[in-house]
Amino acid sequence: MAHPPRSAAALRTERSRCGSWAPPTWSGGGVLVSSPIPYRFETTRAAGELASDKAFEDLAPGESSGVVVSVAGRLMRLRAQGRVAFAELRDWTGAIQLFAQSDVTERFDELAGRALGDWVGAVGEVVRTKRGELSVRVVEWVLLAEARRGFGDKWRGVNDPDLRYRQREVDLWANEGVRDTFLVRSKVLAAIRRLLSERGFIEVETPVLHQVASGAHARPFVTHYNSLHSDFYLRIALELHLKRLVVGGFERVFEIGRVFRNEGISPRHNPEFTELELYQAYADYHDVMALTEELVAGVSLEVLGKTTLTYQGRPLDLTPPWRRATLEELVAEQTGVEVGLHLPPEELRRRARELGVAVSDDDGPGKVLVEIYEKTTESSLWGPVFVMDYPKEVSPLARDHRSRPGYVERFEPVIAGRELGNAFSELADPDEQRRRLLDQAAERAAGDEEAMALDEEFLRALEHGMPPTGGLGIGVDRLIMLLTDQANIREVVLFPALRPPSGRGDVAVSASAVGTVGVGGPSEGGLSEEGSGEESAGADSGEELAGEGSAPPATPNEGSRRRD
RNA sequence: GCGCCUCUAGCUCAAUUGGCAGAGCAACGGACUCUUAAUCCGCAGGUUCUGGGUUCGAGUCCCAGGGGGCGCACCA
Numbered sequence: 322m323a324h325p326p327r328s329a330a331a332l333r334t335e336r337s338r339c340g341s342w343a344p345p346t347w348s349g350g351g352v353l354v355s356s357p358i359p360y361r362f363e364t365t366r367a368a369g370e371l372a373s374d375k376a377f378e379d380l381a382p383g384e385s386s387g388v389v390v391s392v393a394g395r396l397m398r399l400r401a402q403g404r405v406a407f408a409e410l411r412d413w414t415g416a417i418q419l420f421a422q423s424d425v426t427e428r429f430d431e432l433a434g435r436a437l438g439d440w441v442g443a444v445g446e447v448v449r450t451k452r453g454e455l456s457v458r459v460v461e462w463v464l465l466a467e468a469r470r471g472f473g474d475k476w477r478g479v480n481d482p483d484l485r486y487r488q489r490e491v492d493l494w495a496n497e498g499v500r501d502t503f504l505v506r507s508k509v510l511a512a513i514r515r516l517l518s519e520r521g522f523i524e525v526e527t528p529v530l531h532q533v534a535s536g537a538h539a540r541p542f543v544t545h546y547n548s549l550h551s552d553f554y555l556r557i558a559l560e561l562h563l564k565r566l567v568v569g570g571f572e573r574v575f576e577i578g579r580v581f582r583n584e585g586i587s588p589r590h591n592p593e594f595t596e597l598e599l600y601q602a603y604a605d606y607h608d609v610m611a612l613t614e615e616l617v618a619g620v621s622l623e624v625l626g627k628t629t630l631t632y633q634g635r636p637l638d639l640t641p642p643w644r645r646a647t648l649e650e651l652v653a654e655q656t657g658v659e660v661g662l663h664l665p666p667e668e669l670r671r672r673a674r675e676l677g678v679a680v681s682d683d684d685g686p687g688k689v690l691v692e693i694y695e696k697t698t699e700s701s702l703w704g705p706v707f708v709m710d711y712p713k714e715v716s717p718l719a720r721d722h723r724s725r726p727g728y729v730e731r732f733e734p735v736i737a738g739r740e741l742g743n744a745f746s747e748l749a750d751p752d753e754q755r756r757r758l759l760d761q762a763a764e765r766a767a768g769d770e771e772a773m774a775l776d777e778e779f780l781r782a783l784e785h786g787m788p789p790t791g792g793l794g795i796g797v798d799r800l801i802m803l804l805t806d807q808a809n810i811r812e813v814v815l816f817p818a819l820r821p822p823s824g825r826g827d828v829a830v831s832a833s834a835v836g837t838v839g840v841g842g843p844s845e846g847g848l849s850e851e852g853s854g855e856e857s858a859g860a861d862s863g864e865e866l867a868g869e870g871s872a873p874p875a876t877p878n879e880g881s882r883r884r885d
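Using the working numbering, the first residue of the first sequence is number 322, and each one after it goes up by one.
What you were told as hints is all true, and nothing was included just to trick you.
Per label pair, the in silico range of CB-to-CB distance:
no.	residue 1	residue 2	range
1	Ala511	Tyr360	26 to 32 Å
2	Asp379	Gly634	38 to 44 Å
3	Gly471	Gly415	18 to 24 Å
DSS-like, lysine-lysine: derived pairs with alpha carbons at most 30 Å apart:
no.	residue 1	residue 2
4	Lys508	Lys475
5	Lys451	Lys475
6	Lys375	Lys451
Derived from the structure by calculation, the hints contain no laboratory data. Ideal Cβ placement from N, Cα and C applies to all residues, glycine included.
Generate coordinates for the entire structure from the input sequences, incorporating the hints supplied.
See below:
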């Protein structure tokens, strides 16, 4: 058993015994007196990966391995005990214990006196302590960042949802599992891309700023393009541009992108959310059902290693094939009441009211039918199930059903009582599409703000000819909720929409009046809470855009705290 | 937008019927040569979300406003 290296010089003599190790190269230390923080630090091992390295499984308590490593991370626990000290060093792979000894570790007292949350880089030998914990016995170490603020109760973390969402960086460190959720999110996106690429799909990016917000029933956010002297809308769907690309010859195309809907916030709705849309030429909605179940199951298998999950305490089996059933079949199963477009509209309305579903005499039968389904059946469907064949009346972009008049070839995959997406055999006929959108325009004129807008550029594209095409939209956030067993969409969105904390709007107004908009200044002066200062800094980019050119006459709230 | 609940130290939470606003963790100072939410000693920390009101007296009760949670509405 080798003696522990006592100095950096001695440490370097260890190199021959660990071939992969190179001397740590950090720079800047000691050069600038005012900032001893180095500009870089080289690690040889990740903390969590080292902690679970099987090569050290047989290392007995009290033994040294002879392997020298360099690790970095944040101090999450610190137990200084006179002339020895223990610290938990955590990076994004996990944690390894640092073991410091006054006669081995340089600047021992300083290390033992660091605060929780500080970032530290350390070099030393891998050892197992007498109490059996695999550790790095620190010889050299360097402070990489000081944590001037703490991360809450070290055992209980932070619970306040407001704090968790507004200061996600704190949440990520303070609460076990939060980072894992977002690592899964990243893997889900990667898996979707890989699986679709394997099937010959290409990924594209289409505009976020739209002159006409269409492709879904939703109210848009409005913004203003100064150079064009024109209002624009943030997209509410990806659909119309992607179909234009099918017209252009991209036979299998998809986009994963943020869409924005000017609606309420709830545990299942964030005003900006991530949508996957894909279009496959020569396919119908049956093909898309097969693709959907294979994609979702494939992602689950790739990310979680299984297709049978537990969601909110209930088993959920994503293994294909999924059940296929019509909307009417499912309503009949759930309520025992026969519904459908074959009934006279009056009778359908009567049955709706019988089921406790409020409908207006102005509502068309299609709307009534969907209303019945959504109010009585959808939330009870655990699924997965493909809910098939929606009324044409409420589906302006879907193609007529090949054998059921009044219906379109459309389905929604429903899992755990929620729609995961929406898909159709796409309507390709430009004349029929125009008629459908004109119907929507009439509804809009009659006061339905969510009726779909008529997009001439889309219609013109269809006139060039779109082949039979199957399309699918998936709510990626909701898919991630299923795979991470989360009930609230805010748990899978890093920075969910929150109301701006107001209260000092008067200061914001005066600040923007003297032209400090764009440096995060509007709220800075007036807010005593430190957290709010970071908030305004985070709004910088948005403010700069808004502040370009003329001074924006923003209202206090909009001006001071815009989130993106 | 409506209803119910909620807001106390940096964090997690106490505070009797309306009667001096507290603890643990973190931070700060100190002790300790194998800790595992270490332990021990010490110190500091407050616009009880904001503004009114009732009262001899308000964290507590009332009114208004703000933030948050949940539900409804909205939402394919």
